[in-house]
Amino acid sequence: MAPRVMRFISDFFVYETAKSVVVKSWSVGVINRFVQLLIILYFIGWVFIHEKGHQTRDTGIESAVMTKVKGLGKFSNRVMDVADYVVPSQGASMFSIITNMVITPNQMQGRCPETEKNCTTDADCIKNNNGNGIITGKCLNNNVTNGTEGWCEIEGWCPAENDSISGVPMKEVENFTIFIKNSIRFPRFDVIRGSFPSSINTTYIKTCNFHPEKDPFCPIFKVGDILKQTNQDLENITKKGGEIGININWKCNLDYSVENCNPKYFFTRLDAPFEHSAASKGYNFRFAKYYQSKDGTEYRTLYKAYAIRFEIIVSGNAGKFDAVPFLINLVAAFTSVGLATVFCDIILLNFLKGADEYKAKKFEEVSGIVSEESGKKRLYQGSQVSIKGLEKSSNDSGTFSIGRQE
Amino acid sequence: MAPRVMRFISDFFVYETAKSVVVKSWSVGVINRFVQLLIILYFIGWVFIHEKGHQTRDTGIESAVMTKVKGLGKFSNRVMDVADYVVPSQGASMFSIITNMVITPNQMQGRCPETEKNCTTDADCIKNNNGNGIITGKCLNNNVTNGTEGWCEIEGWCPAENDSISGVPMKEVENFTIFIKNSIRFPRFDVIRGSFPSSINTTYIKTCNFHPEKDPFCPIFKVGDILKQTNQDLENITKKGGEIGININWKCNLDYSVENCNPKYFFTRLDAPFEHSAASKGYNFRFAKYYQSKDGTEYRTLYKAYAIRFEIIVSGNAGKFDAVPFLINLVAAFTSVGLATVFCDIILLNFLKGADEYKAKKFEEVSGIVSEESGKKRLYQGSQVSIKGLEKSSNDSGTFSIGRQE
Amino acid sequence: MAPRVMRFISDFFVYETAKSVVVKSWSVGVINRFVQLLIILYFIGWVFIHEKGHQTRDTGIESAVMTKVKGLGKFSNRVMDVADYVVPSQGASMFSIITNMVITPNQMQGRCPETEKNCTTDADCIKNNNGNGIITGKCLNNNVTNGTEGWCEIEGWCPAENDSISGVPMKEVENFTIFIKNSIRFPRFDVIRGSFPSSINTTYIKTCNFHPEKDPFCPIFKVGDILKQTNQDLENITKKGGEIGININWKCNLDYSVENCNPKYFFTRLDAPFEHSAASKGYNFRFAKYYQSKDGTEYRTLYKAYAIRFEIIVSGNAGKFDAVPFLINLVAAFTSVGLATVFCDIILLNFLKGADEYKAKKFEEVSGIVSEESGKKRLYQGSQVSIKGLEKSSNDSGTFSIGRQE
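The listed protein sequences derive, respectively, from chains W, G and P.
Our numbering numbers the first residue of the first sequence as 8 and each following residue consecutively.
Our numbering numbers the first residue of the second sequence as 8 and each following residue consecutively.
Our numbering numbers the first residue of the third sequence as 8 and each following residue consecutively.
Everything labelled a hint here was simulated from the structure, so no lab data went into it.
Honestly, I wouldn't trust all of these hints.
[To be verified] The calculated DSS-like cross-link candidates involving lysine-lysine, where the alpha carbons are at most 25 Å apart (straight line), are:
no., chain 1, residue 1, chain 2, residue 2
1, G, Lys213, G, Lys75
2, G, Lys124, W, Lys288
3, G, Lys77, G, Lys258
4, G, Lys327, W, Lys59
5, P, Lys178, P, Lys327
6, G, Lys77, G, Lys213
7, G, Lys311, P, Lys124
8, P, Lys213, G, Lys288
9, P, Lys77, G, Lys124
[Stated by the list, open to error] Sample of chain G residues at the chain W side, in silico, Cβ under 8 Å:
no., residue
10, Ala9
11, Gln97
12, Asp197
Just so you know, even glycine gets a beta-carbon here, dropped at the ideal spot from N, CA and C.
Could you build the full structure based on these sequences and the hints that come with them?
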């Protein structure tokens with residue numbers, strides 16, 4: 008048994024390497040090195056420099072946003088402050104600034120006519136529903152005989168809202184400022200960053216205005232500037248409302264100092280795809296303030312608010328050197344360099360002078376069924392014989408020899 | 008120096024290619040081509056057609072959602088409209104429709120008994136706490152002598168809420184409609200899309216109802232339809248509340264016209280994992296409306312609201328042809344085709360008639376320590392000699408020749 | 008034509024395999040096997056066990072969060088309950104617990120002095136703006152002659168807020184509890200999980216407190232515990248407010264039972280990057296409660312609320328065995344094992360005794376331009392001739408033979 012084990016071990020530690028044919032041809036040699044150079048350049052330029060193939064990436068950015076709006080406006084002879092026009096008030100990543108309102112004060116539960124005349128008979132009041140209340144089925148103040156139109160009676164909050172009247176929008180919104188505090192975390196690298204440096208001057212922060220080039224770290228954004236950058240018309244957006252996206256993009260290369268990991272801001276109009284849509288322009292919503300009279304009856308003021316809605320969208324990723332992807336791509340680079348041979352073999356075996364001779368050198372033939380007895384002598388001779396018939400075997404996909412053989 | 012440089016250059020441009028053994032055997036040849044075919048089919052079918060290996064993907068979808076609920080319901084003899092039952096009112100991607108309420112009107116700060124009798128002595132009032140207010144430690148209206156139970160006294164908003172009484176849920180919610188406007192952006196390709204086409208007819212949009220097959224682009228969703236698709240019982244969900252997810256999925260192939268990049272909707276019950284959990288069924292929350300009496304005392308109406316909470320979850324990714332992944336996968340395909348040889352070598356060197364002869368042709372042996380003098384003649388002879396002893400060296404992992412040699 | 012087709016077919020099914028040189032050298036053999044072992048260990052240990060290379064991953068986790076706060080506190084002689092101190096009230100993934108307030112009651116639209124004295128002349132009232140209202144331009148109660156400072160007059164909600172006075176923070180927040188119900192879905196595997204098991208005991212859920220080791224599945228979190236784990240000072244955070252992140256991380260290996268797919272919780276201070284920033288400490292926001300007097304005049308109570316803001320951030324990914332990535336990585340492993348030769352060839356052809364002989368065996372030379380006539384005999388002889396000149400061709404990048412040739 009011992010000799011068998013010994014032979015197994017010695018067989019196991021035998022080393023095998025591919026036998027190569029070396030061609031001393033200037034043309035193929037130069038082409039080969041040139042293709043290899045291209046592949047190396049591709050790996051250095053694209054895989055490593057552009058795609059950062061030596062880094063692991065963290066795309067699962069975690070973000071927290073805190074906002075604060077400042078500014079005073081006027082709407083229907085009232086001064087509006089933050090508590091009046093920002094909803095919701097908690098300074099989250101999404102908030103609306105109300106710029107225009109249709110106010111229906113002192114609504115109470117009861118029965119009253121709809122806003123618009125749209126019935127001549129009671130029967131009309133089933134289909135013509137403005138939606139301000141439940142249709143009772145009666146047509147008020149109509150005259151069936153002469154066809155005078157009346158109002159359908161509704162049950163609900165009365166009087167009904169008439170949203171065709173609208174006030175003068177609060178244009179001062181242009182000068183309002185939004186303070187944005189964004190802190191992010193890349194969980195894989197446990198890197199935490201804030202949207203502006205801790206070292207920033209308190210007086211600077213109180214007076215600055217964000218500008219992409221001049222003040223890229225100022226966390227104060229003027230609404231007017233944002234509207235300008237998204238090509239929004241102040242007149243139109245304050246009247247009908249709209250949706251603005253404030254994108255904060257973090258793209259960090261953590262191989263450099265973490266101090267260079269800073270956000271880029273850009274602004275988009277979120278409802279852009281619906282710009283040319285006939286339905287649903289702008290942005291509005293309804294809410295009510297509820298009151299109670301001395302006798303306990305509830306009444307309310309209904310607001311249809313047109314607002315500019317801001318959404319802060321945080322995205323980004325970070326990369327850092329990591330041995331594993333670096334090694335994988337390095338190995339891929341080395342093995343890819345070998346692919347130059349595939350290309351050069353095609354040229355060598357088909358288009359070059361002496362292609363047949365190259366074929367003869369590259370390919371060694373073994374005929375299909377050789378006699379079963381395996382004597383050392385015979386084997387060697389068999390091999391020699393097969394070599395003689397070589398030029399017939401040149402059609403072979405592995406090396407893409409396209410040639411017609413005669 | 009010049010000749011050395013010359014020789015270096017001529018050595019550098021030498022071309023090297025692997026020497027191959029060509030086997031004219033039908034069985035191995037057919038197996039080889041068949042395995043290659045399988046590999047090619049795998050790459051075409053899976054890598055390119057199914058996995059879209061020729062595309063770069065953008066998974067960082069950016070989304071903005073705007074919603075608007077419409078409908079009128081009745082709760083405790085009051086007509087409820089949007090301002091009454093939708094919270095928060097701003098039409099964000101998450102909103103609740105209140106369907107049932109426990110109303111505790113005219114609460115004032117003070118002291119009063121808890122809702123339930125749960126003490127016989129003052130000492131009981133430390134542990135038995137319903138949580139409606141701070142326990143003062145007194146047990147009211149009890150009789151220690153005959154063991155009559157009383158109420159613990161609390162300090163806080165009085166009278167205390169009794170949430171065991173509940174009204175008739177607002178079942179009209181079934182006919183409410185939700186309008187959903189979703190605009191998305193794939194930042195990598197800078198493609199912006201809306202959830203319904205701009206060209207959509209205004210009258211269609213006002214009358215249609217979403218249906219997965221018949222009206223897939225209608226942005227109006229009937230609450231009843233959504234409940235039906237998630238197998239929710241109207242009776243139960245309006246009484247106890249619940250959470251519904253509206254998933255909007257964008258899967259876009261931007262190699263085709265961007266017009267084909269459209270969303271798919273599906274609906275889930277978000278609290279499904281807790282379906283069989285004894286604790287915490289349904290969905291409810293508490294809020295209050297605050298009033299002030301003439302003398303400046305604050306009082307409030309407390310609402311325990313049972314609501315259907317809708318969450319719109321937008322997901323998706325887009326792919327577009329890109330030369331780089333296409334080339335990488337093409338190269339991977341070509342090199343993988345070469346893997347057929349690994350499989351065929353195992354067959355050829357182990358299971359085929361004449362395996363030993365193939366081995367002799369494939370492997371050329373060099374013995375471990377050859378004499379140091381490297382003469383051209385000797386070397387060539389040495390090589391011949393080693394070939395003679397070849398059949399012993401066939402155990403070799405690189406080509407998986409498994410055979411037992413005698 | 009038939010014989011041509013036949014020949015094409017027989018050529019097509021010819022099998023080609025690389026010719027190998029087998030070296031019986033202990034040193035290279037052992038090095039080769041050792042490098043191969045390292046590569047195999049890397050694939051088993053890193054690619055398969057650590058990186059789960061045999062799994063497809065789903066990183067697009069979909070999540071829904073429901074929260075409920077419980078507890079009673081005291082602020083300025085009032086008992087505060089959930090409806091008072093939680094905003095927004097709907098129990099979403101983001102909510103604030105108000106711990107301190109600056110209350111400015113009974114504000115009405117009108118004109119009044121600013122909070123702080125900051126003018127001696129009317130001219131001062133253009134630049135010195137506290138922002139509580141629109142500056143009218145008048146300086147009230149000043150005395151230009153003796154330089155006595157006065158107050159700038161403002162138009163807006165009067166009286167103006169004085170946020171330098173602040174009450175005693177509600178420290179009872181420490182004992183408040185947050186109930187968190189989180190359900191997630193991995194869309195690729197259609198796996199739905201809840202943050203606590205359905206089988207959990209109702210009485211346990213009502214009395215337990217989350218503890219990372221002792222009670223990892225208890226969904227009740229004590230605010231005091233969270234503050235402690237994020238190293239927050241109760242005194243400071245209740246006075247000035249702050250932002251706390253509750254991270255729920257799901258990392259699931261779905262090859263095991265889905266029952267093992269459970270969340271991990273950890274807590275962070277979200278505004279940590281701004282800890283040392285002079286500007287903007289803590290967290291506060293303003294809101295108002297609106298009232299109407301008998302004659303219809305609106306008045307309001309303005310609140311500047313300092314709050315602890317909680318944000319629940321859900322992240323995670325799941326992996327499951329999939330044949331495709333498994334096969335890809337298996338193939339990558341097998342082909343990478345072959346890379347050991349690159350390393351061993353460098354040793355064999357440069358640093359080993361008899362390197363030249365190995366070179367002679369490995370490389371077979373074909374001179375650049377051979378005569379065009381391709382006779383079987385000639386070809387074979389040409390090959391022999393080229394072998395004789397072999398030792399000059401050893402400089403070759405493909406196999407990294409670094410050697411100096413003489």
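We went through each hint and held it up to the structure:
A C-alpha spacing of about 13 Å is found between G:Lys213 and G:Lys75, which places the hinted pair at or below 25 Å, so the restraint holds. For the given pair, G:Lys124 sits about 56 Å from W:Lys288 by alpha-carbon distance, which is inconsistent with the 25 Å threshold. Simply put, G:Lys77 and G:Lys258 have alpha-carbon atoms about 29 Å apart, too far for the 25 Å limit, and the pair is violated. With a C-alpha separation of about 21 Å, the suggested pairing of G:Lys327 with W:Lys59 holds against the 25 Å cut-off.
For the hint linking P:Lys178 to P:Lys327, the alpha-carbon distance of about 47 Å lies beyond 25 Å, and the restraint is violated. The straight-line distance between the Cα atoms of G:Lys77 and G:Lys213 is roughly 11 Å, inside the 25 Å bound, and the hint therefore holds. Proposed proximity of G:Lys311 and P:Lys124 is contradicted: the alpha carbons are some 46 Å apart, above 25 Å. Proximity of P:Lys213 to G:Lys288 is assessed by CA-CA distance (about 14 Å); at most 25 Å being required, the pair is judged to hold.
Between P:Lys77 and G:Lys124 the alpha-carbon distance is near 22 Å, which keeps this suggested pair within the 25 Å criterion. Against a cut-off of 8 Å between C-beta atoms, the interface hint on G:Ala9 is violated, since the closest Cβ of chain W lies about 18 Å away. For G:Gln97, the interface hint holds, the least distance from its beta-carbon to any beta-carbon of chain W being 5 Å, beneath 8 Å. Interface hint status for G:Asp197: violated, as the beta-carbon distance to the closest one in chain W is roughly 10 Å, over 8 Å.
In this structure, the hints that do not hold are numbers 2, 3, 5, 7, 10, 12, in rising order.
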